[in-house]
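Visitor: On the provided structure of chain A, position chain B as indicated by the hints.
Protein sequence lines, in the order shown, are assigned to chains A and B.
So for the first sequence, our numbering puts the first residue at 49; every next one is plus one.
So for the second sequence, our numbering puts the first residue at 12; every next one is plus one.
Since the hints were derived computationally from the structure, they do not count as laboratory data.
Be aware that a few hints might be false.
[To be verified] Quick list of the computed label-pair ranges, beta carbon to beta carbon:
#1 A:108 with B:259: 41 to 49 Å
#2 B:198 with A:66: 41 to 49 Å
#3 A:55 with B:259: 43 to 51 Å
#4 B:204 with A:65: 44 to 52 Å
#5 A:94 with B:240: 49 to 57 Å
#6 B:202 with A:66: 45 to 53 Å
#7 B:95 with A:66: 15 to 23 Å
#8 B:165 with A:94: 58 to 66 Å
#9 B:119 with A:55: 22 to 30 Å
#10 B:39 with A:65: 21 to 29 Å
#11 A:65 with B:249: 39 to 47 Å
#12 A:94 with B:259: 46 to 54 Å
#13 B:16 with A:96: 32 to 40 Å
#14 B:226 with A:108: 38 to 46 Å
[To be verified] Only pairs whose alpha carbons sit at most 27 Å apart, straight line, appear in this in silico DSSO-like list of lysine-lysine:
#15 B:202 with B:49
#16 B:204 with B:46
#17 B:119 with A:91
#18 B:119 with B:204
#19 B:46 with A:92
#20 B:46 with B:202
#21 B:49 with B:204
#22 B:119 with B:46
#23 B:119 with B:266
#24 B:204 with B:266
#25 A:92 with B:119
#26 B:49 with B:119
#27 B:266 with B:202
#28 B:49 with B:266
#29 A:91 with B:49
#30 B:49 with A:92
#31 A:91 with B:46
Glycine included, C-beta positions come from ideal geometry on N, C-alpha and C.
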Amino acid sequence: MGIVSLILGIIAIIIDIATLGTGGIVSVILGVIGIIFGALGRKKAEGRGIATAGLVLSILGVIFGLIVYIACVACVAGVASLV
Amino acid sequence: MHLYIQIGELQLPSYSLMIVLGLLTGNFLVWILGKRYKMMFEDFLILEAYTCLGALGGSKGLYLFVMRDHIQWDRFFEPEYFSSLMLGGFVFYGGLIGGVLCFFLAGKIHRIDTGAFIRRFMFVVPLIHGFGRIGCFMAGCCYGRPYNGPGAVIFPENSMAPAGISLFPVQLAEAVCLFALAGILYLASLKIKSPLAVMALYFALYAVLRFVLEYFRYDDAERGGFWLFSTSQWISIGIVAALALTVPLLVRREKRSVRL
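The following block holds chain A by itself, in its conformation from the complex (with noise of 0.2 Å):
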């Protein structure tokens, strides 16, 4: 559970950094399913650190991606906004 949260973290933050806001909505995805397994992992009595490690990433990962993402999302580009 922590290395695959682990991994998906590192994804994120590398999509993130890749794509500058284009790839937001991967990267939030991909955070928050390592947030899950991150969080999952640390219920664990083994791999605590790994697991933990997994979830500062993958928030860091949605934390960036959610401020890329969503400010195309709702004021950049506006379609329509219907937040």
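Guide: Same frame as chain A, but now just chain B:
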């Protein structure tokens, strides 16, 4: 009313910054209060993550449904067009419905007591939403009707609202109401034992609030609606009707199960 907030060299979009700030504030409060109530923060993170996935799918799904006549479906799978649709917009109510469904699904899959989390932390939902509305105000989206009374605002050229016209600050009005709603739900969680009652209270109060505030909005042309009401007002009516029909039955069932 700034699309971007400058922090040193960084230029950060204010709308998403407010959403992230709301999420962080909400999670921090759950973390602090969760310790007091001896509830696992990891369980909350799992429920929250599922809810986010459901909310993302629901809000985008309802947006695509509302905009179905304006979407070129034959171009749907073209990467650029697909990307522009994904960046196009959200419908809050779609997110709410998708999020709620996924919240309960997470509880079933991971055997988490969703009732305890609803009762204690329902107030976090309007709290985060309130931050989002401040973000709307900063960006100028979801703007209000022309108005010249106290508190009227004039948006600048680069915002989404029509520039140079004095408008009612409906986003800030909604944010204040949402923070008040969060306070009411927090106080209710201290008094009311039933998670169902706390959740029903949130849905009922938000539905009424949203129905009324829709009359103060001026971005009608950009949003769906039919006959007398906007899409959000119809959903508000649907929620109140559904609550009126189901809550008495569920309360009766809850009381019976307590007696057993």
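Visitor: If a hint holds in the structure, say so; if it does not, say that too.
Guide: Results for each hint:
At about 46 Å, the beta-carbon gap between residue 108 of chain A and residue 259 of chain B stays in the expected band of 41 to 49 Å. In this structure the hint that residue 198 of chain B and residue 66 of chain A lie 41 to 49 Å apart at CB holds, the actual value being about 46 Å. Remark: the range hint 43 to 51 Å for residue 55 of chain A to residue 259 of chain B is upheld by a beta-carbon distance near 49 Å. Distance hint check for residue 204 of chain B and residue 65 of chain A: the Cβ-Cβ separation is about 48 Å, which falls inside the suggested range of 44 to 52 Å.
Take residue 94 of chain A and residue 240 of chain B: their Cβ atoms lie about 55 Å apart, and the range 49 to 57 Å holds. Our hint of 45 to 53 Å for residue 202 of chain B and residue 66 of chain A holds, since their Cβ atoms are close to 50 Å apart. Taking the beta carbon of each, residue 95 of chain B and residue 66 of chain A are about 20 Å apart, inside 15 to 23 Å as hinted. In this structure the hint that residue 165 of chain B and residue 94 of chain A lie 58 to 66 Å apart at CB holds, the actual value being about 59 Å.
A hinted range of 22 to 30 Å holds for the C-beta pair residue 119 of chain B and residue 55 of chain A, which are about 26 Å apart. Checked against the hint of 21 to 29 Å, the C-beta distance between residue 39 of chain B and residue 65 of chain A comes to roughly 26 Å, which is consistent with it. Look at residue 65 of chain A against residue 249 of chain B: about 42 Å separates their beta carbons, and that is inside 39 to 47 Å. The hinted window of 46 to 54 Å between residue 94 of chain A and residue 259 of chain B holds, with their beta carbons roughly 48 Å apart.
Taken as a hint, the range 32 to 40 Å holds for the pair residue 16 of chain B and residue 96 of chain A, whose Cβ atoms sit roughly 36 Å apart. Take residue 226 of chain B and residue 108 of chain A: their Cβ atoms lie about 41 Å apart, and the range 38 to 46 Å holds. For the given pair, residue 202 of chain B sits about 18 Å from residue 49 of chain B by alpha-carbon distance, which is consistent with the 27 Å threshold. A C-alpha spacing of about 19 Å is found between residue 204 of chain B and residue 46 of chain B, which places the hinted pair at or below 27 Å, so the restraint holds.
Between residue 119 of chain B and residue 91 of chain A, the direct Cα distance comes to roughly 17 Å. Compliance with the 27 Å bound is thereby established for this hinted pair. Only pairs whose Cα atoms come within 27 Å are accepted, and residue 119 of chain B paired with residue 204 of chain B is accepted, the gap being roughly 21 Å. A distance of roughly 19 Å separates the Cα atoms of residue 46 of chain B and residue 92 of chain A; the hinted pair therefore holds under the 27 Å criterion. Distance hint between residue 46 of chain B and residue 202 of chain B is fulfilled; the C-alpha atoms sit about 19 Å from each other, no more than 27 Å.
As the CA atoms of residue 49 of chain B and residue 204 of chain B are separated by approximately 16 Å, the hinted pair is consistent with the 27 Å bound. Pair hint residue 119 of chain B plus residue 46 of chain B holds up; C-alpha atoms about 23 Å apart against a cutoff of 27 Å. At most 27 Å may separate the alpha-carbon atoms for a hinted pair to count; residue 119 of chain B and residue 266 of chain B meet this at roughly 22 Å. In summary, the hint linking residue 204 of chain B to residue 266 of chain B is supported, as the alpha carbons are separated by about 12 Å, within the 27 Å threshold.
Taken as a hint, the residue 92 of chain A and residue 119 of chain B pair is honoured in the structure, with Cα atoms around 19 Å apart against an allowance of 27 Å. Simply put, residue 49 of chain B and residue 119 of chain B have alpha-carbon atoms about 21 Å apart, close enough for the 27 Å limit, and the pair holds. Between the alpha carbons of residue 266 of chain B and residue 202 of chain B the distance comes to roughly 17 Å, so the proposed pair stays at or under 27 Å and holds. A C-alpha spacing of about 26 Å is found between residue 49 of chain B and residue 266 of chain B, which places the hinted pair at or below 27 Å, so the restraint holds.
For the hint linking residue 91 of chain A to residue 49 of chain B, the alpha-carbon distance of about 14 Å falls within 27 Å, and the restraint holds. Between residue 49 of chain B and residue 92 of chain A the CA atoms are separated by roughly 18 Å; this keeps the pair inside 27 Å, and the hint holds. At roughly 15 Å between alpha-carbon atoms, residue 91 of chain A and residue 46 of chain B fall within 27 Å of each other, so this suggested pair holds.
The structure fails none of the hints (numbered hints given earlier).
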